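Okay, here's what each chain looks like letter by letter:
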Amino acid sequence: MTDILDLLSNVSFWIAVLRIATPLILGTLGVLLCERAGVLNLGIEGIMVAGAFAGWLAVYAGAPLWMGVCVAALTGAAFGLLHAWLTVGLALSQHVSGLGITMLATALSYYGYRVSFPKVSTPPTITPFAPMDWLPIPVLDAQTSLTLLALVLVPVISYLLYRTPVGLAVRMVGENPQAAEGQGVSVAWVRTGAIVAGSALMGVAGSFLTLSAFNAFFFNMVNGRGWICVALVVFAAWRPGKALLGALLFAFFDALQLRLQQAGDAALPYQVYLMLPYVLSILALVLVARKAAYPQALMKPYRKGER
Amino acid sequence: MTASPYVLSLRHISKRFGALIANDDISLDLKAGEVLALLGENGAGKSTLMSILFGHYVADAGEIEVFGQPLPRGNPKAALAAGIGMVHQHFTLADNLSVLDNVLLGSEPLWLPFSRRSAARQKLLDVANRFGLPVTPDARVGTLTVGERQRVEILKALYRGARILILDEPTAVLTPNESEALFDTLGQMVAQGLSIIFISHKLAEVLRVSTRVAVLRSGKLVAQAAAADVTQAQLALWMVGHGVNAPQKKPSTHVSSEVCVIADVSTDTKNRERLQQVSLTLRGGEIVAIAGVSGNGQTALAELLCGTQRATSGSVQLLGKPLPPSPEQLVAIGVARIPEDRHAIGVIGDLPVWENALSERLRSATFSKWLWVRRRTARAHANRIVERFDVRGGGALVPTRSLSGGNMQKLILGRALLAPDGMPAARLIIAHQPSWGLDISAVAFVQQQLIAARDAGAAVLVISDDLDEVMVLGDRIAVMHSGRLTDARPSSDWTRESIGLAMAGAKP
Amino acid sequence: MRLEKRGESSAILMLIAPVAAIAVTLVVTALLVLWAGAPVGKTYVLLLQGGFGSVFALSETLTRATPLILTGLAATVAFKARLFNIGAEGQLYVGALAAIAVGGLHGGTGLEWSPWIVFPLMMMAAAMAGALLLLGPALLKTRLGVDEVVTTLLLNFIVLLLVSAMLDGPMKDPTAMGWPQSVALNGELELSKLIDGTRVHTGLIWATTLAVMLWAIFKYTTVGFSIRAVGANARAAAFAGVPVTGTVVLVAMLSGALAGLAGAIEVAGRTNYVTLDMSPGYGYSGIVIAMLAGLHPIGVLAASVFVAGVLVGADSMSRAIGVPTYIADVIVATSLLSVLVATLLTQYRVRLK
Numbered sequence: 133m134t135d136i137l138d139l140l141s142n143v144s145f146w147i148a149v150l151r152i153a154t155p156l157i158l159g160t161l162g163v164l165l166c167e168r169a170g171v172l173n174l175g176i177e178g179i180m181v182a183g184a185f186a187g188w189l190a191v192y193a194g195a196p197l198w199m200g201v202c203v204a205a206l207t208g209a210a211f212g213l214l215h216a217w218l219t220v221g222l223a224l225s226q227h228v229s230g231l232g233i234t235m236l237a238t239a240l241s242y243y244g245y246r247v248s249f250p251k252v253s254t255p256p257t258i259t260p261f262a263p264m265d266w267l268p269i270p271v272l273d274a275q276t277s278l279t280l281l282a283l284v285l286v287p288v289i290s291y292l293l294y295r296t297p298v299g300l301a302v303r304m305v306g307e308n309p310q311a312a313e314g315q316g317v318s319v320a321w322v323r324t325g326a327i328v329a330g331s332a333l334m335g336v337a338g339s340f341l342t343l344s345a346f347n348a349f350f351f352n353m354v355n356g357r358g359w360i361c362v363a364l365v366v367f368a369a370w371r372p373g374k375a376l377l378g379a380l381l382f383a384f385f386d387a388l389q390l391r392l393q394q395a396g397d398a399a400l401p402y403q404v405y406l407m408l409p410y411v412l413s414i415l416a417l418v419l420v421a422r423k424a425a426y427p428q429a430l431m432k433p434y435r436k437g438e439r
Numbered sequence: 016m017t018a019s020p021y022v023l024s025l026r027h028i029s030k031r032f033g034a035l036i037a038n039d040d041i042s043l044d045l046k047a048g049e050v051l052a053l054l055g056e057n058g059a060g061k062s063t064l065m066s067i068l069f070g071h072y073v074a075d076a077g078e079i080e081v082f083g084q085p086l087p088r089g090n091p092k093a094a095l096a097a098g099i100g101m102v103h104q105h106f107t108l109a110d111n112l113s114v115l116d117n118v119l120l121g122s123e124p125l126w127l128p129f130s131r132r133s134a135a136r137q138k139l140l141d142v143a144n145r146f147g148l149p150v151t152p153d154a155r156v157g158t159l160t161v162g163e164r165q166r167v168e169i170l171k172a173l174y175r176g177a178r179i180l181i182l183d184e185p186t187a188v189l190t191p192n193e194s195e196a197l198f199d200t201l202g203q204m205v206a207q208g209l210s211i212i213f214i215s216h217k218l219a220e221v222l223r224v225s226t227r228v229a230v231l232r233s234g235k236l237v238a239q240a241a242a243a244d245v246t247q248a249q250l251a252l253w254m255v256g257h258g259v260n261a262p263q264k265k266p267s268t269h270v271s272s273e274v275c276v277i278a279d280v281s282t283d284t285k286n287r288e289r290l291q292q293v294s295l296t297l298r299g300g301e302i303v304a305i306a307g308v309s310g311n312g313q314t315a316l317a318e319l320l321c322g323t324q325r326a327t328s329g330s331v332q333l334l335g336k337p338l339p340p341s342p343e344q345l346v347a348i349g350v351a352r353i354p355e356d357r358h359a360i361g362v363i364g365d366l367p368v369w370e371n372a373l374s375e376r377l378r379s380a381t382f383s384k385w386l387w388v389r390r391r392t393a394r395a396h397a398n399r400i401v402e403r404f405d406v407r408g409g410g411a412l413v414p415t416r417s418l419s420g421g422n423m424q425k426l427i428l429g430r431a432l433l434a435p436d437g438m439p440a441a442r443l444i445i446a447h448q449p450s451w452g453l454d455i456s457a458v459a460f461v462q463q464q465l466i467a468a469r470d471a472g473a474a475v476l477v478i479s480d481d482l483d484e485v486m487v488l489g490d491r492i493a494v495m496h497s498g499r500l501t502d503a504r505p506s507s508d509w510t511r512e513s514i515g516l517a518m519a520g521a522k523p
Numbered sequence: 022m023r024l025e026k027r028g029e030s031s032a033i034l035m036l037i038a039p040v041a042a043i044a045v046t047l048v049v050t051a052l053l054v055l056w057a058g059a060p061v062g063k064t065y066v067l068l069l070q071g072g073f074g075s076v077f078a079l080s081e082t083l084t085r086a087t088p089l090i091l092t093g094l095a096a097t098v099a100f101k102a103r104l105f106n107i108g109a110e111g112q113l114y115v116g117a118l119a120a121i122a123v124g125g126l127h128g129g130t131g132l133e134w135s136p137w138i139v140f141p142l143m144m145m146a147a148a149m150a151g152a153l154l155l156l157g158p159a160l161l162k163t164r165l166g167v168d169e170v171v172t173t174l175l176l177n178f179i180v181l182l183l184v185s186a187m188l189d190g191p192m193k194d195p196t197a198m199g200w201p202q203s204v205a206l207n208g209e210l211e212l213s214k215l216i217d218g219t220r221v222h223t224g225l226i227w228a229t230t231l232a233v234m235l236w237a238i239f240k241y242t243t244v245g246f247s248i249r250a251v252g253a254n255a256r257a258a259a260f261a262g263v264p265v266t267g268t269v270v271l272v273a274m275l276s277g278a279l280a281g282l283a284g285a286i287e288v289a290g291r292t293n294y295v296t297l298d299m300s301p302g303y304g305y306s307g308i309v310i311a312m313l314a315g316l317h318p319i320g321v322l323a324a325s326v327f328v329a330g331v332l333v334g335a336d337s338m339s340r341a342i343g344v345p346t347y348i349a350d351v352i353v354a355t356s357l358l359s360v361l362v363a364t365l366l367t368q369y370r371v372r373l374k
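Residue numbers (this note's numbering), protein chains in the order written: chain E, 133 to 439; chain Z, 16 to 523; chain X, 22 to 374.
Next up, chain E with everything else stripped away, as it sits in the complex (with noise of 0.2 Å):
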């Protein structure tokens, strides 16, 4: 017990619970803006993999870290678009564009990390994003500044929803685009500009990994994090702030069995330990589930003048 009070007040375990929540809050606000308009993006997974990919090649071949990030940022809107294009512009099945864009995004990734270093045996590294050191606050201080646009994004994207006619428009479209169209407002646009914002977060969410919390790209690193962001959003009930609460009740106990696996008494295989965090999300899920209130156009596809 006493042990677990000393984690709490120790400065480095929060640290840690923030710099792993950071891509879990951008992955999550991708995923929020899209199934706010309506539209399920599965392929949050493969589009974090190839953020990751792009924004780290971007910063190796010369380019300043910001400009790595912008990079993710629009190979991510590149697979939203073509996500918009399937499900919006040609109403296909949700479910199944989204898994087809993960295979395909991980491995373009793939082969193009293999085709731009065919023998590299120990992976080419960056050097990323520095801590905040000049910033006066402990925790954050630690922090790179992807984790404060991480915690910007949050009051901004809150805004936008509920503060905005753009905002008003995206979750009319994810709960009646009917009554949208019938206003004037172009369900097609609003939701493809949804999925293209949601997913450029996404491609960020995934450059965090490589420009931030590694210094290079590892096959598998993603590592089902979009599948929890997933997930968290459904815990969320598709509202931003509470997006940042469970990105970081998710993160505190992703941190929390990692120190219990490095403080281990080998009781448990380590496994076990590394399980917590999808058992987690599947709770997660199942403890809203009876109260969920799904955007009441999510997965339904919509056909213009079709009822």
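A couple of the hints might just be wrong.
Chain E is faced by these chain Z residues, among others (derived, beta-carbon under 10 Å) [said to hold, decoys possible]:
id	residue
1	G70
2	P91
3	N111
4	R175
5	G176
6	V255
The following label-pair restraints were derived from C-beta to C-beta distances [what the hints assert, rightly or not]:
id	chain 1	residue 1	chain 2	residue 2	range
7	X	T219	Z	R416	43 to 49 Å
8	E	L280	X	L36	52 to 58 Å
9	Z	K92	E	W198	36 to 42 Å
10	E	L213	X	V76	40 to 46 Å
11	Z	R416	E	W198	35 to 41 Å
12	E	W321	X	V76	51 to 57 Å
13	E	A193	X	P301	25 to 31 Å
14	E	R435	Z	G410	24 to 30 Å
Within a straight-line C-alpha distance of at most 27 Å, the following computed BS3-like cross-link-like pairs (lysine-lysine) qualify [what the hints assert, rightly or not]:
id	chain 1	residue 1	chain 2	residue 2
15	Z	K138	Z	K92
16	E	K432	Z	K384
17	E	K423	E	K374
18	Z	K384	X	K240
19	Z	K217	Z	K46
20	Z	K217	Z	K235
21	E	K251	X	K63
22	Z	K264	Z	K217
23	Z	K46	Z	K92
Hints in this document: simulated from the structure, not taken from any laboratory.
Since the structure is predicted, the reported quantities are computational estimates derived from the model, not experimental observations.
The beta carbon of each residue, even a glycine, is placed where N, CA and C say it ideally should be.
Following the hints, put chains Z and X in place on chain E, whose structure we already have.
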């Protein structure tokens, strides 16, 4: 420029969907300050025409002029900007958003960095005041009654400054009293200079509200006349194109023993539809018709008797035994079920006609052994249904979704009423909105079948929000309101007015 | 852009659509090959030869197709009932673990009974393990309305960690010198080879038989009707008296069992023990195969051979001219998306305003 007397002119509008000509060279004008009724059967092309006007569809040919300016095609935004407002039959509102959100959407440029919500709230209240349509801006739409939702729907159009208002079957979901209130509102709008297109297939209300009537039939404009100059009979003839034989029904003669006794039944579902201590007795050889505005518990009652919902208290006895809990057992003992929404729950559109014709009985010993389907027997029975009930549209092998609504309903009737050899004929028939959305001849066919089943000794329960249907079919009539059911009294005890009052919840 | 439903799909279109889908895939692939600096034509020739060009190539392709048929069928039956089982990968691994648990040497149960008894037991255990793994998400879906996509996806990660823990612990092969692999399967339980000198094994016959059985179930049985009815319109199916929840649970058991069998048959036919990389995403490829086959069990056979051929061909082509093998995944993913689009265009007409 010469001032045109018309606020809206449709010229030579044509639109086809595949082989179907939905609109055939239609020209129509609307004058300032008039209520033009657009009359026609389901499928006559009214909705298509209005969808073209509002930009949901693009016409194959023809032009539209609004206040003397040509209207761009296929652009709802342009229609809104030109002052056209549309109130859909099925409300297009987002339940999870507030009234203000629903009204505000689309009224501001999307790229504005902020919404002027307080100004918008004031403007909404002003508009609501001016037309006598009170609303609560911050209420969630999901919590409103049907009448209130329609108000929001109308306000959406008025808020955007509509000068021409199109109302698509606006009374379908209202009680007679609410309809009267709506007609008053329309009067106020016309007094303030608005022009209105009122779409309906109900003759009486068309004559009640409109100044002029235009009649569509099979995609063509067949007649126009001042409302004062025509009679209901004349309108009906225009609308259908020939005289229609109303279903022949003699009063029931052989009312036999009790088939189904519902005693004090309550249900408890999450949505608002629930039954509260409903009692009703159904006897063989008799049709009991239940009137009421949709959403007052009719669905719960139908689901209860169709085996898809349980009662939380009270009892239902069928032929002296408790009601079996599954659709399968109900069908096996002779309950024929005609559901409310044929597309959503009546048939499975992707499956072929023959499988839908058998879907209720496929697992019975007649049509399968162990798990194996006796395909030959099953197809033969399906063909018999298709033949006997005149299901047209390609035979037993086409996907059911390709059938027209009328043929789909015939298929459902045949499935329910034509028992295969060795199975009991229908003893209890539950028909929920059996003629909803059908053209007049299909309606007559459906009603005739129900009467024939009654004459053969079955107990028939018809649940309908169409007052005419209730009056035509019911030997006894009961009215449903807020989950409660009045006593079922002989139809001669009721008048349209007394039914209307009961539908609104007034105690008889 | 708007879509209008076509009255009738024209025969010509039905022919053009798959050709167009293949063309798009070939063009995308060609661009990537050019990026890698390899000659496009030669790459394609090598890829084809590697997958289908010799008896050996074909045998390798059929070996690879065997688990793909089973995971493809798993996805087919689930998707047919609109149960989005994305967890075939995990179900395959628990099936493999169950097979070792029953039929493994020391560290397994070490059952000394006749293989005539242990073999069916082993297969049943694998099928059960896969079925039970999917039963959880299926019940969560029917009881609580939890989306099965995310739960089955997350379970894949949990299962892989479980496999890793088993390979470190109870099922560790003591002779593997730290290499993460399980104890071996009892040699008597191995599936025999179909052709001497190749790796094609009788699992292919099993998988093909199951595909035909599934096709017959869909077409000729009341269960098949229930599955199709629930998938097409669950509310209408319930109204007609089809037990919807029961059908979804049954479908989950069937789908999970098929994926579990894929794991057991891989172990018994090819690998002989469980490793962490025994499946290069067979579970996920199964979804692609099911979609390529239009959810038709017989089509799954063809689609599996296609995907397997691409995977095998890419391996051999990569060894020859160094284009990374990941090109195979790109081909598979691109063909999935382009086939989806092509199929849609046979049913709808796209109008630009």
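Hint check:
Because the beta carbon of G70/Z sits about 9 Å from the nearest beta carbon in chain E, less than 10 Å, this interface hint is met. The beta carbon of P91/Z comes within 5 Å of a beta carbon in chain E, closer than 10 Å, and the hint placing it at the interface holds. The restraint placing N111/Z at the interface with chain E holds, with a minimum CB-CB distance near 5 Å, inside the 10 Å limit. Using the Cβ-Cβ criterion of 10 Å, the hint placing R175/Z at the interface with chain E is satisfied: the shortest such distance is roughly 8 Å.
Below 10 Å, beta-carbon pairs count as interface contacts, and G176/Z has none with chain E, the closest being about 13 Å; its hint is therefore violated. The beta carbon of V255/Z is not positioned within 10 Å of any beta carbon in chain E (closest approach about 25 Å), and the interface hint is therefore violated. For T219/X and R416/Z, the Cβ-Cβ distance of about 48 Å falls inside the hinted range of 43 to 49 Å, so the restraint holds. Range check, L280/E to L36/X: about 56 Å between beta-carbon atoms, so the 52 to 58 Å window is met.
Our hint of 36 to 42 Å for K92/Z and W198/E holds, since their Cβ atoms are close to 38 Å apart. Distance hint for L213/E and V76/X: a CB-CB separation of about 45 Å, consistent with the stated range 40 to 46 Å. Between R416/Z and W198/E the beta carbons are some 53 Å apart, a value that contradicts the proposed interval 35 to 41 Å. Judged by the Cβ atoms, the range 51 to 57 Å given for W321/E and V76/X holds: they are separated by roughly 55 Å.
Restraint check, A193/E to P301/X: a C-beta distance of roughly 30 Å satisfies the suggested window 25 to 31 Å. Between R435/E and G410/Z, the C-beta spacing of about 28 Å keeps the proposed range 24 to 30 Å intact. Using a Cα cut-off of 27 Å, the hinted pair K138/Z and K92/Z holds, with the two alpha carbons roughly 21 Å apart. Only pairs whose Cα atoms come within 27 Å are accepted, and K432/E paired with K384/Z is rejected, the gap being roughly 38 Å.
A threshold of 27 Å between alpha carbons decides the hint, and for K423/E with K374/E the separation of about 15 Å falls inside it, so the pair holds. Only pairs whose Cα atoms come within 27 Å are accepted, and K384/Z paired with K240/X is accepted, the gap being roughly 15 Å. In summary, the hint linking K217/Z to K46/Z is supported, as the alpha carbons are separated by about 23 Å, within the 27 Å threshold. About 19 Å separates the Cα atoms of K217/Z and K235/Z, which keeps this hinted pair within 27 Å; it holds.
A C-alpha spacing of about 22 Å is found between K251/E and K63/X, which places the hinted pair at or below 27 Å, so the restraint holds. Proposed proximity of K264/Z and K217/Z is supported: the alpha carbons are some 22 Å apart, at most 27 Å. At most 27 Å may separate the alpha-carbon atoms for a hinted pair to count; K46/Z and K92/Z meet this at roughly 23 Å.
Hints 5, 6, 11, 16 from the list above are not met by this structure, while the remaining hints are.
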